[in-house]
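Please put together the full structure from these sequences, using the hints given.
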Amino acid sequence: MTNTTSKDQLNSELLHRLQRLENHQNIQAVVTDYLIAVDDLNDVEAVLDCFTEDAVFDMSGINYPTLTGKPALRDFFSNVFDSMTHHAHYATNFKLDSVTDNTAKCRTHVIGMGKTKQGEDVLFYLQYHLDMQYEDGRWRMSRFKGMALMPLEG
Amino acid sequence: MTNTTSKDQLNSELLHRLQRLENHQNIQAVVTDYLIAVDDLNDVEAVLDCFTEDAVFDMSGINYPTLTGKPALRDFFSNVFDSMTHHAHYATNFKLDSVTDNTAKCRTHVIGMGKTKQGEDVLFYLQYHLDMQYEDGRWRMSRFKGMALMPLEG
Amino acid sequence: MTNTTSKDQLNSELLHRLQRLENHQNIQAVVTDYLIAVDDLNDVEAVLDCFTEDAVFDMSGINYPTLTGKPALRDFFSNVFDSMTHHAHYATNFKLDSVTDNTAKCRTHVIGMGKTKQGEDVLFYLQYHLDMQYEDGRWRMSRFKGMALMPLEG
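Residue numbers (full-length UniProt numbering), protein chains in the order written: chain U, 1 to 154; chain E, 1 to 154; chain D, 1 to 154.
Check the hints yourself; a few may be wrong.
Listed below are the simulated DSS-like cross-link pairs for lysine-lysine, each with C-alpha atoms no more than 25 Å apart in a straight line [what the hints assert, rightly or not]:
no., chain 1, residue 1, chain 2, residue 2
1, D, K70, D, K105
2, U, K115, E, K145
3, U, K95, D, K105
4, U, K145, D, K115
5, E, K115, E, K95
6, E, K7, U, K7
7, E, K95, U, K105
8, U, K95, D, K95
9, U, K95, D, K145
10, D, K95, E, K145
11, U, K7, D, K7
12, D, K95, E, K105
13, U, K145, E, K95
14, D, K95, E, K95
15, U, K95, E, K95
Think of the hints as simulated: they come from the structure by calculation, not from any bench. Small disclaimer: the values here were computed from a predicted structure and weren't measured.
Okay, structure coming up:
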């Protein structure tokens, strides 16, 4: 009996530790999927699929508007995709600050750059502060806040 | 019996989930090992050890040649190492797109820069698309395709 | 009996593989925590908490002093935090070179930049070589060596 109990405890501990590793990987994967889609510049729905329906997208830290909800995000990213010829975003320093069964908070540094159809270069050194939600079997961003780490140019 | 069966199922599930995490880490490690060796600029064989014998190295996306097989790669990297005084490559946004027992596909963003012996600076904003193969107990790149995310300079 | 033994072996193998994944994640997290604190520029103790009491901080590779021990590090980072208005450090290519129960060696590429109160920009392309120590339930840096991957400017 004691042996059975200890086996169960071990399995429970193993599952808990596995879950912790998976949470880290799966939540970071949302950031990766988002930036790959943003840089591919050809599938707005792939970008939107990284957000919850009521997501708040707050880029006020770099003088962009704050948007709420997928329709507003769809308009925004459609315009962005129409106006840019190139995008390249590099995310590092991913930190999972907290996690529950269906919510999480995390941060990541991002170098973001691009070229507009007018030939202008844009370049940002950012940190994203993200709230995540688990729904329908995957994590999505419910709140996205971009903050500038370096002074904005121009 | 039911209990034994469920224990076996649990162990099988644990192993599967562990394997998924290990695949991600071990396959990403090939990219890391490759870039560390490329930036160390002192051991061509350490670079080549990240590729399969028949690897295809396709950098046509940045106007480099496409090479096939280790001898061609050895010549190429020997010339690169002879011509550069500095290298710095930064990989982010690693995504494991698919994996089987002995093959995998993945992507990663890379910022690549360097300085030639003539004092010229090179700078690339890339995404690598990689095919991986598992052989002799480790993963190696069997196909390497570099694509430019930003316009090439000069 | 055979069955029990094989179950124990399986559990022991699972734990070993889990530990390997956790070591990678937990040791990389020290680098992440360090850089987040360095870039936040508001909590020197959060930076120092990433180092052991007797840590050696060797930035001679970029013409900074080599410091030993937390008091010297506290002075150094207090001065840095006083002199900078912005910091942005991006770590990639993390590699865990070796690990024991309470020590580890690892490397990571870093792009480091900042702006001084005098308005000067600083920019470094580095690789950190780190010795880690496990104590009081977490990993800390006991030796930090920064090496330049690209020529230093200015």
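Would you check the hint for E/K115 and E/K95, treating anything up to 25 Å between C-alpha atoms as holding? violated (29 Å)
Run the distance test for D/K95 versus E/K145: straight-line Cα separation, threshold 25 Å. holds (23 Å)
Is the Cα-Cα distance between E/K95 and U/K105 25 Å or less? holds (21 Å)
Holds or violated: U/K95 and D/K105, Cα atoms, limit 25 Å. Judged against 25 Å, a Cα distance of about 21 Å means the pair holds.
If you draw a straight line from the CA of D/K95 to the CA of E/K95, is it 25 Å or shorter? holds (17 Å)
Taking only the CA atoms, is the gap from U/K145 to D/K115 under or equal to 25 Å? Holds: U/K145 and D/K115 sit about 23 Å apart, inside 25 Å.
Verify the proposed pairing of U/K95 with D/K95, using a straight-line Cα cut of 25 Å. holds (17 Å)
Under the criterion that the straight-line Cα-Cα distance not exceed 25 Å, is the pair U/K7, D/K7 satisfied? The given pair, whose Cα atoms are some 10 Å apart, holds under the 25 Å limit.
Check the hint pairing U/K95 with D/K145 against an upper bound of 25 Å on the C-alpha distance. holds (23 Å)
25 Å Cα cutoff - pair D/K70, D/K105: Distance of about 20 Å is within 25 Å: holds.
Holds or violated: E/K7 with U/K7, Cα cutoff 25 Å? holds (10 Å)
U/K115 and E/K145: Cα distance at most 25 Å? Holds, at roughly 23 Å.
The structure is inconsistent with hint 5 alone, although it conforms to all the rest.
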